[in-house]
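Could you build the full structure based on these sequences and the hints that come with them?
Protein sequence lines, in the order shown, are assigned to chains A and B. Residue numbering for the first sequence follows my numbering, starting at 1 and increasing by one per position. Residue numbering for the second sequence follows my numbering, starting at 1 and increasing by one per position.
Hints should not be assumed to be uniformly reliable.
Put simply, identical chains are the same to the list, so a pair is met inside one copy or across any two.
The calculated EDC-like cross-link candidates involving lysine to aspartate or glutamate, where the alpha carbons are at most 20 Å apart (straight line), are [stated by the list, open to error]:
#1 K257 with D227
#2 K329 with E25
#3 K257 with E54
#4 K224 with E204
#5 K168 with D192
#6 K257 with E228
#7 K329 with D112
#8 K110 with E76
#9 K329 with E304
#10 K3 with D67
Derived by calculation from the structure, the hints in this document are not laboratory data. The structure presented is a predicted model; accordingly, all values stated were derived computationally and were not measured.
2 protein chains.
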Amino acid sequence: MRKIAVRLRARPVGMPQASDWDIREEEAAAPDEGEVLIAVRYVSVSPSIRNQMEAGGAYLPPLAIGDVARARAVGEVLESRSPAFAPGDHVEGLLGTQSHFTGSAAGLMKVDPNVAPLERYLGALGMTGFTAYFGMLDIGRPVSGETVVVSGAAGAVGSIAGQIARLKGCRVVGIAGGPAKCAHVVDDLGFDDCIDHLDERMGERLGEAAPRGVDIYFDNVGGKVLDEVLLHLALRARIPICGGIAHYNSIGAVGLKNHLKLLEMRGRMEGFSIYDYPTRHLEARDALAGWLADGSIVTREHIEDGLDRFPEALKLLFGGAQLGKLMVKV
Amino acid sequence: MRKIAVRLRARPVGMPQASDWDIREEEAAAPDEGEVLIAVRYVSVSPSIRNQMEAGGAYLPPLAIGDVARARAVGEVLESRSPAFAPGDHVEGLLGTQSHFTGSAAGLMKVDPNVAPLERYLGALGMTGFTAYFGMLDIGRPVSGETVVVSGAAGAVGSIAGQIARLKGCRVVGIAGGPAKCAHVVDDLGFDDCIDHLDERMGERLGEAAPRGVDIYFDNVGGKVLDEVLLHLALRARIPICGGIAHYNSIGAVGLKNHLKLLEMRGRMEGFSIYDYPTRHLEARDALAGWLADGSIVTREHIEDGLDRFPEALKLLFGGAQLGKLMVKV
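Structure (structure tokens):
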């Protein structure tokens, strides 16, 4: 069977380019014992891709030149030599940037397209939603009445993290790039306020939006935004470090000058990973599905059509030109 | 009664100078109701003094020009209008940089010069020791077999923090400035290794000294040392932020470039204060007194003679020319 694969051609300098990728037609391998062959339907486009493109020193192990990127995706099992899956099953996993996946069935998770549209398992009902869920609830630990600031607030994880904090009775302030995104964050996602990080008055606006200080800062961006929020911490503030998009392309990635505010405020800055909660993914999915069903969380997907759109979609992601979870439809 | 007071004359630029202080003879006030008059015996010289000298943006509230610095000290009660203390009692508290303290008895702690020399209540048996105790045990949470790195390892807090981690069965690596201090840290304090932060090979030495990564980094300095240690974190590393001496004089205070290692390693960087453990100071004192008594912790004081030596002592502190707890004898 023929398949389409998106493979790394060159390591990027700064913003990734379409020319960093090869899109090839090639033969799909047949599954060995314990393996499955999957027709991929949707491929997640996430900041972690950028990290893999680096030769080293990055947050994730690097891809080799010629590799398919490690991307989460959803698809349908075509052939199975694993007792865990049968043809027709739908699954989510690290299927990569390709139209067909042949590989181990281990680590794949069954999903049900009758419960929610397949693409949602890459967004609110998948690792995106789980990241928001564990980062906010387990690392941030919101208490009703606290002030929570979320950067990347119009993005896939930030939009959900902020809404979870709202459900817990917090005042929630987003940070996003540009007036259109800020309007979306307040009007559509129900945040109490949203600050444009392109606004030179960002620091002043933070002081106004969080007059008693920031109890939780859910950070997706790092750089100067993190450094500014550090100046506004409340006593015993928590900072779940979810990402650092400013650092991935080395754009706006200033060094942190204000980390001693953690000392003054007895604050805590903490990295986390969904892979630290392997036994609780179903708990997160059930909670998120409930909130989606009763309308207490709204979510959005931005779907680009065709695997050949993957390089452009990655530019959209870092250009900040999309709302919600970005993916390509195969 | 006449007294000597050391009062702020000018705010420093960079390293504090003797000319930043006025040393005056003046009248000691008589105690009001609820107050005591204390003859101060030893005054602690600590990095927090430098912070208070700043006009703002610093870690502690600023002194006004003309103020006595808020320094911890030990002394003897001369007159008491508080039921809590009687003449002849010895106390520890924020008595300030002066030979006599008149003020509220609240916040003063009785100490016993028959149990330990009076000066030790400014060192291992006082806030210095408590800071090491709570920072290492409550924030760092050492587990036997882990690798612990301590900066400012020859200093008052660092020397004790490292020895506590040794008692808990950890491999302990100090970071200190210069070969003499490093020799003291290994030979006298019993650390397993010590790295000279003035050595350009610091990063390489860290990799050798902590081949399985750093589980706890007890940070007294911030700046480039913290940024380097971030590159060597082990999974689920803890970084108690105890101070940032590189930042106080704005010397070597680079911005942190490597905070995303917290994400990669699911690390935690956390500020703390002894004032967060008000009910547990006696627990800390008992534990530290036991370790001192059985020789499992050794401690050192560097005592300058005379309150007029206070400005020079502060320069010694930041010049790194002393070992152990620095204080002046009144």
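- Hint by hint, which ones does the structure fall short of? none
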